[in-house]
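Read top to bottom, the protein sequences are chains A and B.
Going by our numbering, the final residue of the first sequence carries number 425, and the count climbs one at a time with no gaps.
Going by our numbering, the final residue of the second sequence carries number 425, and the count climbs one at a time with no gaps.
Be careful, since some hints might not be right.
Same chains, same label: a pair holds when it works inside one copy or across any pair of copies.
[Said to hold, decoys possible] The calculated lysine-lysine pairs, modelled on DSS-like cross-linking and capped at a C-alpha distance of 30 angstroms, are:
hint: 1; residue 1: K75; residue 2: K211
hint: 2; residue 1: K185; residue 2: K130
hint: 3; residue 1: K130; residue 2: K107
hint: 4; residue 1: K346; residue 2: K211
hint: 5; residue 1: K214; residue 2: K271
hint: 6; residue 1: K130; residue 2: K48
hint: 7; residue 1: K336; residue 2: K211
hint: 8; residue 1: K298; residue 2: K185
hint: 9; residue 1: K424; residue 2: K185
hint: 10; residue 1: K424; residue 2: K107
hint: 11; residue 1: K47; residue 2: K424
hint: 12; residue 1: K336; residue 2: K107
hint: 13; residue 1: K185; residue 2: K208
hint: 14; residue 1: K298; residue 2: K48
Worth flagging that the hints you see were computed from the coordinates, not collected in a lab.
2 protein chains.
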Amino acid sequence: MALLVQKYGGTSVGSVERIQSVALKVKKARDEGHQMVVVVSAMSGETNRLVALAKAIQEPSNPRELDVLLSTGEQVTIALLAMALEKIGCPARSYTGFQAHILTDSAFNKARIQEIDDARVRADLEAGFVVVVAGFQGVDEQGDITTLGRGGSDTTAVAMAAALKADECQIFTDVDGVYTTDPRVEPKARKLDKITFEEMLEMASLGSKVLQIRSVEFAGKYHVPLRVLSSFEEGEGTLITFEEDGMEEAKISGIAFNRDEAKLTVRGVPDMPGVAYKILGPIGEANIEVDMIVQNISHDGTTDLTFTVHRNDYRKALAILQEVAKGLNAREVLGDDTIVKISLVGVGMRSHAGIAGTMFGTLAKEGINIRMISTSEIKISVVIDEKYLELGVRALHEAFGLAKA
Amino acid sequence: MALLVQKYGGTSVGSVERIQSVALKVKKARDEGHQMVVVVSAMSGETNRLVALAKAIQEPSNPRELDVLLSTGEQVTIALLAMALEKIGCPARSYTGFQAHILTDSAFNKARIQEIDDARVRADLEAGFVVVVAGFQGVDEQGDITTLGRGGSDTTAVAMAAALKADECQIFTDVDGVYTTDPRVEPKARKLDKITFEEMLEMASLGSKVLQIRSVEFAGKYHVPLRVLSSFEEGEGTLITFEEDGMEEAKISGIAFNRDEAKLTVRGVPDMPGVAYKILGPIGEANIEVDMIVQNISHDGTTDLTFTVHRNDYRKALAILQEVAKGLNAREVLGDDTIVKISLVGVGMRSHAGIAGTMFGTLAKEGINIRMISTSEIKISVVIDEKYLELGVRALHEAFGLAKA
C-alpha cells in the first residue's frame, strides 16, 4: 500500500463529465489499496471568468481581494470531486487551503508555501477517506487567503506529497509524459520513461510546458518522486527521478526550444569591471528577465555583450539599452526579435566533447547559422534564426538518435 | 458616529454595475462618519448555478461538500465589493465566514450561529476599513465550512450587528420597506415607518417575504434595531423596533396573507385525550409542517379537528390522514386545497373586542364565508376560499383605515 498524491489540472476537471472520469481514476488507484490525496485546479475557464469580473471593477485589482476571489475556483472543484467520489462509493472529504493548513507567506498572487500541518489530512487518510485538496491556494499567518500564482496547483501537490512523505506525486495533464522534444515539431519525438530532476528543470525552463518549474524545483528539494501522466489516456507517463543510471555515459534526454526569445547586443563597450552590471542593472530594475548572457573576449579594449529576453520585453529593453549605451560610450546597440533558442539537454554531456561537436556540425550541415552559444552542466543552448527552428529540432533529434528508445 | 451593519442581497449585487452602486451607498454612509460592516449574498443566479452543478454529480448532494461549494458564491461577492470600495477611495477588507470567526454548529446546509469572535473585525473598523463579510456562511468547531440555509445572509447581518453591538442593522432589499399589505393586491397599501418585532414576525411568517423570519427572531432576541430599506431607491425604509407607542391603543399594522395553504379535517373522532396527537403525530413524522390547528367543542362524544398545511404537502397529508382515520374510527376525512389565509396583525388587538367584530363583519358584507378562525395575542387569522383573497384584503385594508398614515 502506497500513499499517492495525484494532481489534476483545469482541463482534466473542466466539466461535470471530466470530474466524474477523474473520480473513476482515483477510485481505481484506491481500490488497488493506495491511500489517496487528490489536488485539483479550477475548472478550465473559471479563473479567466473571475479575473474578468475583477478587471471590470478595479485594475490592477487589490492583490488580497484578488486571492479571495480566485481561490473560489478551486473550492468549487474540490466540492464537486468529493461528491463524485462519494457517488461511486469512495468516501471523500474536501479541503480548502486554510483547512489543509497550507501556510504561506503574505505575498498575495504569488505566495510561497512555508509549512503544511497535515494532522487532519493524515487522520482522514487513516480513516479511509480520499482527501481532495484545493490547489493553488493557502493561508498566511493572519488568516488571509493567498494564492501561489498560475500553475500553483502543481506546487500544492508537491508540497502535500513532501509533507505527507508520499510515495509518489502524480501530475495528470493533457500530455502523456515528457517527450524528447515537442511532437508537434518532430512527429518522431519519443516519450521518456524517466528523466532526472536536473534535466526536467532544463526542459521545463526552456519551454516544454509540461510542469510548472517551481513545482519541479520543490520536488527536487524535498526528494519527492514526481510522475507526469495523461488524464485522458492510460499509461505510465514519465517518472522524474533522482537516480542517474550510467552516470558515466552521456545521455541526451531531449531537445527543448523556446520561440519567445529576442536578443540584444551592446557593441564596443569598454572592457572593464562593472560594465555588465551597468548594462544589465537597468534591465533588471525594469522587471525584465534576462535569459542567456554571452560576452566574448575583447578587442582593442572593448567588448560586445549580448543577452536574450522574452519577446514581449524586447521593445522596452531596446529603449533602455539605447539610453545606457550613451552613458557607456558604446559603439552601437543591435537587436533581433526573430530568433529562437534550441537546447540539447542531458546528464553528463559536459564531459563528452563529442556532443557539442555533433550538435554544431548537424546544424551547419543544414545551413543553419548559430548566433549565440551557451552551455551548462547538462545542456547546450544555441540561438538561431526563427525560420530554422523546425529544421534544427528535427535534424538534432535524428543526429542524437532520440527516436529510438 | 454610529456603527452600522448593512446587508445587500443577491439582486442588489447581481452585476458589476450593481456592486459598484452598492459601493457608492456604503461610501456615502462612511463619509457621514459611520463605521461600516457590509454583509453580502451571492450574485443573483450564482447559487442556482452551483446547485445545478452539484445536482449533475450527486443528488442528494453530500451536505458537507454542498456547503464547501455554495459558500464560494458569497466569497466572490465580498472580493468584488471590497475592490469596488477601494476603487472609489474607501479602504475595505473582505472576510469569509471562517475569517470573521462565525462559529456555527455542524448542521450543514442549515447551520446555526453559535458565536462570533469579532476581534479582528473591530481592529479593522478602528483602523478605518469598511469590513465586507460573506453572508450565509460560517465554520464549525472542526474547521468545516457550513452554510445557514437560503436567506441566511440576513441572519449573518443580524449576528454581526449583535456581536458588534451595532447601532443599527440595515437590510437592503428590492422593496423599500414593510407595507400594510402586499401592494400588488391593494395598490393603496402604505409603507410603515415602524413596526414592532412581534408584528414583524407575524407578517413575515404569514408570507410577507421581506425578511427571513430567523433573522427577525435573532434580532429580537439580541435587541438589534433592524431596518428594511430599498437597494434601488432613496428612503428611510421601515424600522423594526422594541418601543410600542401607545400600548393601550389597538394598532393594526397590516394585513398579511398566504396563498399556499390547504386544509384538512378529520370528522367525528372520539373526543378523548390523545386524539390530536394520534392525528398530528404521523403528519409531523412525515416532515409536514402544520400551520393553523382548530378543534371545536364536541357533539355526542365526537369532535372535528381541522388543520392547514402547505399546499405542496396536501396530497401526502391526505393519504396519511385516511390511514389514521381508519384506526380512530373517524367518520370521514375532508380536504380543500383552494383556500387561503388572511391575517390582521397588530399589537394589543386582543384586548379590543371591536376589532374581531369589524373584521368578520367586513368579510360578511362582501359575501365572504369564513372557514376557520384562529387568534393570537397580536393577530387574527381567517381561512377563506382563494377566489376571495384580493377582495377580502382590500375590504379589510379599507375598513381599518390602513391607507391613511
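Hint check results:
1. With identical chains, the CA atoms of K75 and K211 are never at most 30 angstroms apart, being 40 angstroms at best within one copy and 39 angstroms at best between copies.
2. Taking CA atoms no more than 30 angstroms apart as the test, K185 paired with K130 passes inside one copy only; the shortest distance there is 25 angstroms, against 38 angstroms between copies.
3. For the homomeric pair K130 and K107, the shortest alpha-carbon distance between copies (22 angstroms) is at most 30 angstroms, but the shortest distance inside one copy (35 angstroms) is not.
4. In this homomeric assembly, K346 and K211 never come within 30 angstroms of each other (Cα to Cα): the closest approach is 50 angstroms inside a single copy and 76 angstroms across copies.
5. In this homomeric assembly, K214 and K271 come within 30 angstroms of each other (Cα to Cα) only inside a single copy, at 12 angstroms, whereas the closest approach across copies is 84 angstroms.
6. Taking the closest pair of Cα atoms, K130 and K48 never come within 30 angstroms of each other, the shortest separation being 34 angstroms inside a single copy and 34 angstroms across copies.
7. Taking the closest pair of Cα atoms, K336 and K211 never come within 30 angstroms of each other, the shortest separation being 39 angstroms inside a single copy and 63 angstroms across copies.
8. For the identical chains of this complex, K298 and K185 are neighbours neither inside a copy (46 angstroms) nor across copies (61 angstroms), given an alpha-carbon limit of 30 angstroms.
9. In this assembly of identical chains, K424 and K185 lie within 30 angstroms of each other by CA distance neither inside one copy nor across copies; the values are 35 angstroms within and 75 angstroms between.
10. For the identical chains of this complex, K424 and K107 are neighbours neither inside a copy (44 angstroms) nor across copies (59 angstroms), given an alpha-carbon limit of 30 angstroms.
11. Taking the closest pair of Cα atoms, K47 and K424 never come within 30 angstroms of each other, the shortest separation being 35 angstroms inside a single copy and 68 angstroms across copies.
12. In this homomeric assembly, K336 and K107 come within 30 angstroms of each other (Cα to Cα) only across copies, at 29 angstroms, whereas the closest approach inside a single copy is 54 angstroms.
13. In this homomeric assembly, K185 and K208 never come within 30 angstroms of each other (Cα to Cα): the closest approach is 37 angstroms inside a single copy and 72 angstroms across copies.
14. For the homomeric pair K298 and K48, neither the shortest alpha-carbon distance inside one copy (58 angstroms) nor that between copies (51 angstroms) is at most 30 angstroms.
This entry does not satisfy hints 1, 4, 6, 7, 8, 9, 10, 11, 13, 14, going by the numbered hints stated previously.
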